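*Asks:* Chain A is already provided as a structure; the job is to place chain B on it using the hints.
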Amino acid sequence: MATTTSPVSPSAPLRWRSSLEPILLPFGALLASLVIFGLFCAVAGANPFAVYGSIYRAAFGSWFSWQNTLQRAAPLMLASLCTILPARMGLVIIGNEGALVMGGVAAVAMGLWAGSLPPAVVVFLMALAGIVAGGLWIMAVGALRHYRGVNETISSLLMNYIAIALMNHLVGGPLRDPSFLSKPSSFAIDEANMLGRLFGTRIHFGLVYGIVACLIAYILIQRTTLGFSVRTVGGNPKVARMVGIAVGKLTLLITFLAGSCAGLAGMVEVAAVHGRANESLSVGYGYSGILVAFIARQNPAAAVVMAILLGGILASGSILQRSHNLPDATVLVFQGIVFLLILYSESLYGRFDFFRDREAGE
Amino acid sequence: MTTEALGWWGVPLAVVAGTLRGSAPFLFVSLGECLTEKSGKINLGLEGSLLMGAMSAYAISFLTQNTAGTIVAPWLGVLVAGFAGLVLGGIHAFLAQQPRVNDVAVGIAMIIFGSGMAFYLGKPFIQPVAPQLPAFELGNWSSNPAIRAALKLSPLLLLGILLAFAMHWFFRATRWGLFVRAVGDNPDAARAMAISVPKVRALCIMAGSFFAALGGAYLSLYYPGSWTERISSGQGLMAVALVIFAKWNPLQCLLAAFLFGGAQAIGPALQSVGVQSNYYLWNAAPYVLTLGIMILTSSPRRTLAGMPGALGTGK
Numbered sequence: 328m329a330t331t332t333s334p335v336s337p338s339a340p341l342r343w344r345s346s347l348e349p350i351l352l353p354f355g356a357l358l359a360s361l362v363i364f365g366l367f368c369a370v371a372g373a374n375p376f377a378v379y380g381s382i383y384r385a386a387f388g389s390w391f392s393w394q395n396t397l398q399r400a401a402p403l404m405l406a407s408l409c410t411i412l413p414a415r416m417g418l419v420i421i422g423n424e425g426a427l428v429m430g431g432v433a434a435v436a437m438g439l440w441a442g443s444l445p446p447a448v449v450v451f452l453m454a455l456a457g458i459v460a461g462g463l464w465i466m467a468v469g470a471l472r473h474y475r476g477v478n479e480t481i482s483s484l485l486m487n488y489i490a491i492a493l494m495n496h497l498v499g500g501p502l503r504d505p506s507f508l509s510k511p512s513s514f515a516i517d518e519a520n521m522l523g524r525l526f527g528t529r530i531h532f533g534l535v536y537g538i539v540a541c542l543i544a545y546i547l548i549q550r551t552t553l554g555f556s557v558r559t560v561g562g563n564p565k566v567a568r569m570v571g572i573a574v575g576k577l578t579l580l581i582t583f584l585a586g587s588c589a590g591l592a593g594m595v596e597v598a599a600v601h602g603r604a605n606e607s608l609s610v611g612y613g614y615s616g617i618l619v620a621f622i623a624r625q626n627p628a629a630a631v632v633m634a635i636l637l638g639g640i641l642a643s644g645s646i647l648q649r650s651h652n653l654p655d656a657t658v659l660v661f662q663g664i665v666f667l668l669i670l671y672s673e674s675l676y677g678r679f680d681f682f683r684d685r686e687a688g689e
Numbered sequence: 012m013t014t015e016a017l018g019w020w021g022v023p024l025a026v027v028a029g030t031l032r033g034s035a036p037f038l039f040v041s042l043g044e045c046l047t048e049k050s051g052k053i054n055l056g057l058e059g060s061l062l063m064g065a066m067s068a069y070a071i072s073f074l075t076q077n078t079a080g081t082i083v084a085p086w087l088g089v090l091v092a093g094f095a096g097l098v099l100g101g102i103h104a105f106l107a108q109q110p111r112v113n114d115v116a117v118g119i120a121m122i123i124f125g126s127g128m129a130f131y132l133g134k135p136f137i138q139p140v141a142p143q144l145p146a147f148e149l150g151n152w153s154s155n156p157a158i159r160a161a162l163k164l165s166p167l168l169l170l171g172i173l174l175a176f177a178m179h180w181f182f183r184a185t186r187w188g189l190f191v192r193a194v195g196d197n198p199d200a201a202r203a204m205a206i207s208v209p210k211v212r213a214l215c216i217m218a219g220s221f222f223a224a225l226g227g228a229y230l231s232l233y234y235p236g237s238w239t240e241r242i243s244s245g246q247g248l249m250a251v252a253l254v255i256f257a258k259w260n261p262l263q264c265l266l267a268a269f270l271f272g273g274a275q276a277i278g279p280a281l282q283s284v285g286v287q288s289n290y291y292l293w294n295a296a297p298y299v300l301t302l303g304i305m306i307l308t309s310s311p312r313r314t315l316a317g318m319p320g321a322l323g324t325g326k
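Chains as they are written, first to last, in the working numbering: chain A, 328 to 689; chain B, 12 to 326.
In short, the hints are calculated from the structure, not lab data. Check each hint, because a few of them may be wrong.
Taking lysine-lysine and the BS3-like style, the derived pairs with C-alpha atoms no more than 30 angstroms apart in a straight line are [to be verified]:
hint: 1; chain 1: B; residue 1: Lys163; chain 2: B; residue 2: Lys210
hint: 2; chain 1: A; residue 1: Lys565; chain 2: A; residue 2: Lys576
hint: 3; chain 1: A; residue 1: Lys565; chain 2: B; residue 2: Lys134
hint: 4; chain 1: B; residue 1: Lys326; chain 2: B; residue 2: Lys210
hint: 5; chain 1: B; residue 1: Lys210; chain 2: B; residue 2: Lys134
hint: 6; chain 1: B; residue 1: Lys134; chain 2: A; residue 2: Lys510
hint: 7; chain 1: B; residue 1: Lys326; chain 2: A; residue 2: Lys565
Values in this document were obtained by computation on a predicted structure and should not be read as measured data.
Bound-form chain A, shown alone (with noise of 0.2 angstroms):
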């Protein structure tokens, strides 16, 4: 509000106090979440100082739980990016878990019929596969949406049940490998071709992955024209059109993208961690995913740090239940709480006079 009044230039040192607010707001959203879910595990009638010592020594307390938490930390990012994107030109896109297991899926098929080629071919193919099964299934909803007018929240929600349905037919029948007893699942994809390790660790080269596609989207948000386009849509689809904007072919090309991200995540899932296709391949990254999108505030870079935030918290999930005899959902409780609180904390902005900048010059 200052700066429009104002005739001194913006960059005035008095701004800091604005810059703050959207850190120190999702900050106390998170502390407050922190505090509720501290009360909640002292009911449960476990010391709540003791569980948040275990979630960090799990998490984030040894290199051996680094690990851990990175390799969770690789599907998040990639699958926050299926929200992200297309949450900046307005869309609520929440079908992540369909396109993660699309990818999944179609990452397996073409391991299996490329198995013989070299292993860096086969790697790229997959992923590939994974990229355009992905992309196509959250383009039909960007589809939908601009060409039909279908709201693209429950269709996208809808398609999750109806991929899961899809790979569930194909394991169990078409690609269903006999041998593999406990539950119905694809062949295995050859060793050879599964996703490399980083530098001798246990962290797989889906972590790159994940990065990368997340630096390549902010850059592609933040700097570019096609970004500066998906920023005008979202906040004023009218002015868009009225400027010239093919509102229609960016629908369909952002939903590409940030399907092909999730479906990027899910040939990560079988290519770097399951090395076939079963029900494992949805174990909720694709709804974390959303989680991250949201207290990343749509926006890529930060997906990154919170995607290894929210990596940790799962890693430390068996823990919990290990060491304070809490339930496995006791995980979930606490990112329900954290979601929650983050989306509070969004009707707080311009609330508290301390963001306020003072008038320059004063």
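*Replies:* Here is chain B on its own, set in the frame of chain A:
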């Protein structure tokens, strides 16, 4: 076994039976969502209410069976489930009405929170067996067990059907129904009539979540009749699409619920006569149906017939 004796005639019969058994949750969540959306807000979190309802109904029925008796205990469970839904609805109502907070996003958060709480609190109740709700046996005239099974009706389903008619009457003929419609169609006009928009919306959202939780109680206490973490399979989420299909009309919610209950029953019905192929694909039938209906009824140019004016506008 007798289904096999009936041969292929067993399929439509099993679909009818499945429809009568499986429609009630769809009915309750769609009526809940209908009321919520009539007031101008969307609640995707009904999935959380449904799960919380299923869990709390089962838990209460199990815990009170010795003190309240096996007849009363399940109904006590239904009541408590409703109140659990009410609480979740209250949280949604508070958050979704804050400035700059998107009701869809709150709904997603409420799914995570609601299902998290349900799984957390429901962990000890996955194994034990709780007393179930009774059923009206309308098929006693027949000696065929398949027909008798098909004609078992739950009182909760009848309650849902009554609720649909009651809600229809409420919107059409009562003063409060008019308030709700005014708030949902044109909040500014409602304010001019001195109606408190936030209060009306909060009440509608909470009542809607109450109904959805009753649908959950039906799942755990009648059909399929046990508490597991996979009990809901997204019925709460489909509510939003069901309401679009029903054109925000409670009576058409009834129709929509039967259609979806039927779609859900096709897969198991085919399996019962030995058709195993494409079983998983048939499981996707309700979702494909929902999507198909949304594609057919939506249009990029006009808003949908019957849609409350303030829905999705953030007003």
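*Asks:* Which numbered hints does this structure break?
*Replies:* Violated hints: 1, 3, 5; rest satisfied.
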